[in-house]
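*Asks:* Sequence:
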Amino acid sequence: MKPETRLEALSDFLKIQRSKIHPHMVGLPLGSRRRTPGLRREELAQLAGLSVTWYTWLEQGRDIKVSSSVLDSIANVLQLKTDERKYLFDLALETGSSPTLADDEKNAISPSLTKILHELRYCPTIISDRRCNIVGWNQAASHVFLNFEQIPIEERNMIQLLFTKKELRSLAVNWEHFVKGFLSIFRAYYGHYVADKWYSKFIEDMSQVHPEFLEQWNQSDVSSAPEVLIEFRHAKVGKMLFNLTSLQVHGSVDLRCSIYTPIEDSKTEAKLKQLMKDNL
Numbered sequence: 001m002k003p004e005t006r007l008e009a010l011s012d013f014l015k016i017q018r019s020k021i022h023p024h025m026v027g028l029p030l031g032s033r034r035r036t037p038g039l040r041r042e043e044l045a046q047l048a049g050l051s052v053t054w055y056t057w058l059e060q061g062r063d064i065k066v067s068s069s070v071l072d073s074i075a076n077v078l079q080l081k082t083d084e085r086k087y088l089f090d091l092a093l094e095t096g097s098s099p100t101l102a103d104d105e106k107n108a109i110s111p112s113l114t115k116i117l118h119e120l121r122y123c124p125t126i127i128s129d130r131r132c133n134i135v136g137w138n139q140a141a142s143h144v145f146l147n148f149e150q151i152p153i154e155e156r157n158m159i160q161l162l163f164t165k166k167e168l169r170s171l172a173v174n175w176e177h178f179v180k181g182f183l184s185i186f187r188a189y190y191g192h193y194v195a196d197k198w199y200s201k202f203i204e205d206m207s208q209v210h211p212e213f214l215e216q217w218n219q220s221d222v223s224s225a226p227e228v229l230i231e232f233r234h235a236k237v238g239k240m241l242f243n244l245t246s247l248q249v250h251g252s253v254d255l256r257c258s259i260y261t262p263i264e265d266s267k268t269e270a271k272l273k274q275l276m277k278d279n280l
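Read in the numbering used here, the sequence shown has 167 at position 167, and its numbers run on one by one without any break.
Errors might be hidden in some of the hints.
In the DSS-like style, the derived pairs of lysine-lysine whose C-alpha atoms are separated by at most 25 Å in a straight line are [as the list claims (entries may be wrong)]:
(1) LYS15 - LYS86
(2) LYS267 - LYS277
(3) LYS86 - LYS180
(4) LYS239 - LYS166
(5) LYS239 - LYS180
(6) LYS81 - LYS20
(7) LYS273 - LYS239
(8) LYS201 - LYS86
(9) LYS239 - LYS277
No wet-lab data here; the hints were simulated from the structure. As the structure is a computational prediction, the values presented were derived from the model and not from experiment.
All chains, full assembly: derive it from the sequences and hints.
*Replies:* Set out below in structure tokens:
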């Protein structure tokens, strides 16, 4: 990632987070002439023990030196969660990992992962890499989401598919909420791998082709593993309820295992079994 791109991302993040902190949340009076949503820059600087000028430069995306202790102070005022705090540090200190994915890593699914996918027979499961490229899935996922086998490898990116495939848009009852979960994971990767130029290029391309993406991206949170309840309206079996659990796969490749577990007493598993039986 170019320095200016990283600093712009840092600037945008600080502005968005500052707008979320209302004066009463930090013990300040609301005031009658407040036009700025959330805290003013000078208020944040004062609460963090920083000079207004220095913090303004940081939020403007200027290339200035910053220490971990200062970032801690800013993170405390902004009431950042663990993943958000890590995102701030990654961008401000440029601590991101190596920029490239080796060719032999892009589709690296071990035999043990393959067996896990098979054993999770009635839990739709998708394995993706740090760029949200889909590198593995089970039959349940193919029946609930898409037949990924029919999608060219270079197009098997979950973020891209959410905006290009009408089947996914109609599947989720709350499509915006569905997208938000994936974008929060994607943003966590984006902050961690700040050295990888692929991310800024992907975001730029998606923003030009899909204006909705840019709007959603600018509002996205940061979360390495959100656990959410998902409601689907499947074209063939109707309402389906799943709990989404994201697991990090430890090893030389940064992989994520997203497991959709049918909610008990919701008839979801029975519907999934019937769906898979009908398509044998």
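*Asks:* Tell me if the straight-line CA distance from LYS239 to LYS166 falls inside 25 Å.
*Replies:* 18 Å, holds
*Asks:* Can you confirm whether the C-alpha distance between LYS86 and LYS180 stays at or below 25 Å?
*Replies:* 19 Å, holds
*Asks:* Can the restraint linking LYS81 and LYS20 be considered satisfied, given a maximum Cα separation of 25 Å?
*Replies:* The given pair, whose Cα atoms are some 13 Å apart, holds under the 25 Å limit.
*Asks:* Take the C-alpha atoms of LYS273 and LYS239, compute the straight-line distance between them, and say whether it is at most 25 Å.
*Replies:* Holds. LYS273 to LYS239 sits at ~14 Å (cutoff 25 Å).
*Asks:* Given the hinted pair LYS267 and LYS277, is their alpha-carbon gap at most 25 Å?
*Replies:* 15 Å, holds
*Asks:* Between LYS15 and LYS86, is the straight-line Cα distance small enough, at 25 Å or below?
*Replies:* 17 Å, holds
*Asks:* Would the pair LYS201 and LYS86 pass a check requiring their Cα atoms to be no farther apart than 25 Å?
*Replies:* Within the cut-off at roughly 22 Å; holds.
*Asks:* Is the straight-line distance between the alpha-carbon of LYS239 and that of LYS277 25 Å or less?
*Replies:* Holds. LYS239 to LYS277 sits at ~18 Å (cutoff 25 Å).
*Asks:* Run the distance test for LYS239 versus LYS180: straight-line Cα separation, threshold 25 Å.
*Replies:* 21 Å, holds
Hint check: no violations occur; every hint is consistent with the structure.
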